[in-house]
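Protein chains in written order, with my numbering: chain A, 1 to 368; chain H, 1001 to 1188.
Don't read these hints as lab results, they were simulated from the structure.
Treat each hint with caution, since some may be false.
To be verified - Partial list, computed: chain A residues near chain H (C-beta under 10 Å):
1. L19
2. K23
3. F53
4. M55
5. K60
6. L63
7. D75
8. H183
9. K186
10. G187
11. Y312
Stated by the list, open to error - Think about it this way: if two alpha-carbon atoms lie no more than 16 Å apart in a straight line, the pair counts; the simulated EDC-like pairs of lysine to aspartate or glutamate are:
12. K1177(H) x E11(A)
13. K1178(H) x E78(A)
14. K1027(H) x E42(A)
15. K1148(H) x E51(A)
16. K1063(H) x E11(A)
17. K60(A) x D1163(H)
18. K317(A) x D208(A)
19. K1166(H) x E78(A)
20. K1171(H) x E304(A)
21. K58(A) x D1018(H)
22. K1027(H) x E72(A)
23. K1177(H) x E42(A)
24. K1166(H) x D3(A)
25. K1171(H) x D220(A)
26. K1087(H) x E304(A)
27. K60(A) x D1018(H)
28. K1166(H) x E42(A)
29. K4(A) x E1060(H)
30. K58(A) x E1053(H)
31. K60(A) x D1049(H)
32. K1178(H) x D3(A)
33. K58(A) x E1060(H)
34. K73(A) x E1134(H)
35. K60(A) x E1060(H)
36. K68(A) x E1023(H)
37. K73(A) x D1163(H)
38. K1027(H) x D75(A)
39. K1020(H) x D75(A)
40. K1166(H) x E11(A)
Positions of the beta carbon are idealized from the N, C-alpha and C atoms, including for glycine.
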Amino acid sequence: MEDKLLLETIERYLGGTMLAEEKAWFEQLRKNTPEIDQMVVEHRIFLHQIEEFGMVQKIKHTLHNTHKTLVEKADINEGGSVSTRGRVVQFYNKYKKVTAIAASIAGLTALVISGLVAYFSPAVNNDQIELLGKKIEQVTRTQQAQGARLNEVDSKIPKDATVTAGGTAFMIDGKGFLITNAHVVKGSGTIVVNRNGQEFNAKIINIDHERDLAILKIQDEDFKPLGNLPYGIKKSSVDLGEELYTLGYPREEIVYSMGYLSAQSGRDGDTSSCQISLSANPGNSGGPVFNKNGEIVGIISKKETKAEGVVYAIKSKGIFKMIDELKESDTSVQKIKLPSSSKLKGMGRTDQVKEVEDFVFQVKAYQN
Amino acid sequence: MKQEISEQHLLKGLANNDSKAIETIYKDNFSMVQALILNNSGSYDDARDIFQEAMVTLYEKAKSESFVLTCQVKTYIYSVCRRLWLKKLQQAGKFVTQAESLEETVLVEDDLEVHEKRNAEFAIMERALSSLGEPCKSLIEAYYIHKKGMTEIADEFGYTNADNAKNQKYKCLMRLKKLFFSQYNIGD
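Looking at chain A on its own, in the form it has when it is part of the complex (with noise of 0.2 Å):
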């Protein structure tokens, strides 16, 4: 029972609750017991940390409930969430004094101008007026053909868009078949450019997160398809230590990198993908993976953060077993062929990359 008397004491000394005579006793004894000084400097710690603990939770609470009431007032929104009230309620609420002005505003603006109209215009036969009608028509055409031609050299994302990933793609059939990685292309939309800075709009046809792959399909009028694919697809797996490249976009212009299998399996053994060692960065996922004789061999797709060097491809395999499985159900992709020989076998390597680099893209997702 001692102890639990010492340690009301203790508290009671933290806590300021002591008088001036007691506290100059307890202070003396701590000075001349070492090991009551230990005790008080442990609890003082440990009433700290308690103390800290409650508060940092009390606040967590706080934040907690702020969140929920500002969801339920819609000061905040979290897409599909359903709140306690309708959104059409909500949604006067939040905008029903701009819409006032505005709706007041639009009116006085309507009036005055009819006003004027009326007051000003001179009065002409019907015939004329039809005939302006039609010349403003035609001017408005033409200005819209103008228009069409400017969009043309402007980007086609969005203006309003904003990029939300990217990397690189590359094609499967030159009738514009892309396959790249399915965490390259989250977002709304999807645009690809090709190595002369051209950009054409892609549709994702296909996307399977669980092998984080994604098929595209320009379908953009300004893409005339390429025909033969130089290169093939190979379905044989690769030998240890077996010289590979990559072509990629981690910048805007095209990057060449090269090195070496370096184990079999990917990431925590996983059979579908493997270990290769060469240089890569943000925006080389999705690239092809191709061996010494121009072959594709895999899609690079991720990279270990902790080490330098290490990167993970996707098996060639996968695009064949997710192409054969998509046959089965989705007609636009039967007319994908894969292609099987390569045209690059016995060149150069410089020779290659300038066959290879025209079927490789960049990739840019965004979300309007």
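Based on these hints, arrange chain H on the given structure of chain A.
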């Protein structure tokens, strides 16, 4: 100048857990952070977690005696969230180019280091408390966190008198301290 004063006022409110002030800061900044997270492959839940973590960081900063905020609250919150989210993305090992951002940021590394250390300490306390079991846990929380009086606690927990409750509290406290200090090293 006026804005500076009102921000100081808000931060004071945050430090005192004033729900009005917290709501104001929350309302003014949440959407910005939500947009940041959503645009960088995060979900609505991620946005909420990251934002609330940043608010706790700001709270800890506002509470400390040496507190000076050298930038706007908005900039600070944005910077902390950005840092936290980038870290989370890196841990997930995703290989995605970051969308360019023109927002102004400030260095928050030091604050986050302090915050992480505290988080680790709180985790120790939380583990210690939860392995304590009931009714010990509630008893300790009632006395040390909610600062309730012994008589009130005796009433609430059904002890016949305050002295018995005190005895029980002492036993629980001893166990909790043992659990806590087995993981928490003084001087670390």
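Against the structure, the hints come out as follows:
1. L19: 20 Å, violated
2. K23: With a minimum Cβ separation of about 22 Å from chain H (threshold 10 Å), the hint on K23(A) is violated.
3. F53: 5 Å, holds
4. M55: Check passed: Cβ of M55(A) comes within 7 Å of chain H, closer than 10 Å.
5. K60: It holds, given that the least Cβ distance between K60(A) and chain H is near 7 Å, below 10 Å.
6. L63: 5 Å, holds
7. D75: 5 Å, holds
8. H183: The hint holds - H183(A) has a Cβ within 10 Å of chain H, the shortest such distance being about 6 Å.
9. K186: 5 Å, holds
10. G187: Interface hint status for G187(A): holds (9 Å vs cutoff 10 Å).
11. Y312: At about 9 Å, which falls below the 10 Å cut-off, the nearest Cβ of chain H leaves the hint on Y312(A) intact, so it holds.
12. K1177(H) x E11(A): With a Cα-Cα distance of about 14 Å, the restraint between K1177(H) and E11(A) holds, given a limit of 16 Å.
13. K1178(H) x E78(A): Since the Cα atoms of K1178(H) and E78(A) sit roughly 44 Å apart, the hinted pair is violated (cutoff 16 Å).
14. K1027(H) x E42(A): 41 Å, violated
15. K1148(H) x E51(A): The hint holds at about 13 Å.
16. K1063(H) x E11(A): Violated, at about 23 Å.
17. K60(A) x D1163(H): 33 Å, violated
18. K317(A) x D208(A): 15 Å, holds
19. K1166(H) x E78(A): With a Cα-Cα distance of about 47 Å, the restraint between K1166(H) and E78(A) is violated, given a limit of 16 Å.
20. K1171(H) x E304(A): 49 Å, violated
21. K58(A) x D1018(H): Measuring from Cα to Cα gives roughly 11 Å; hence the hint holds.
22. K1027(H) x E72(A): 12 Å, holds
23. K1177(H) x E42(A): Answer holds: K1177(H) to E42(A) is near 9 Å, not above 16 Å.
24. K1166(H) x D3(A): 13 Å, holds
25. K1171(H) x D220(A): 76 Å, violated
26. K1087(H) x E304(A): Holds - the C-alpha atoms of E304(A) and K1087(H) are around 14 Å apart, at most 16 Å.
27. K60(A) x D1018(H): 12 Å, holds
28. K1166(H) x E42(A): The hint is violated at about 20 Å.
29. K4(A) x E1060(H): 33 Å, violated
30. K58(A) x E1053(H): Status holds; Cα separation ~13 Å.
31. K60(A) x D1049(H): It holds: about 11 Å lies between the C-alpha atoms, which stays within 16 Å.
32. K1178(H) x D3(A): 15 Å, holds
33. K58(A) x E1060(H): 13 Å, holds
34. K73(A) x E1134(H): 37 Å, violated
35. K60(A) x E1060(H): 12 Å, holds
36. K68(A) x E1023(H): 11 Å, holds
37. K73(A) x D1163(H): With Cα atoms ~48 Å apart, K73(A) and D1163(H) exceed 16 Å; violated.
38. K1027(H) x D75(A): 7 Å, holds
39. K1020(H) x D75(A): Cα-Cα ~14 Å, so holds.
40. K1166(H) x E11(A): Roughly 13 Å between the alpha carbons, so the hint for K1166(H) and E11(A) holds.
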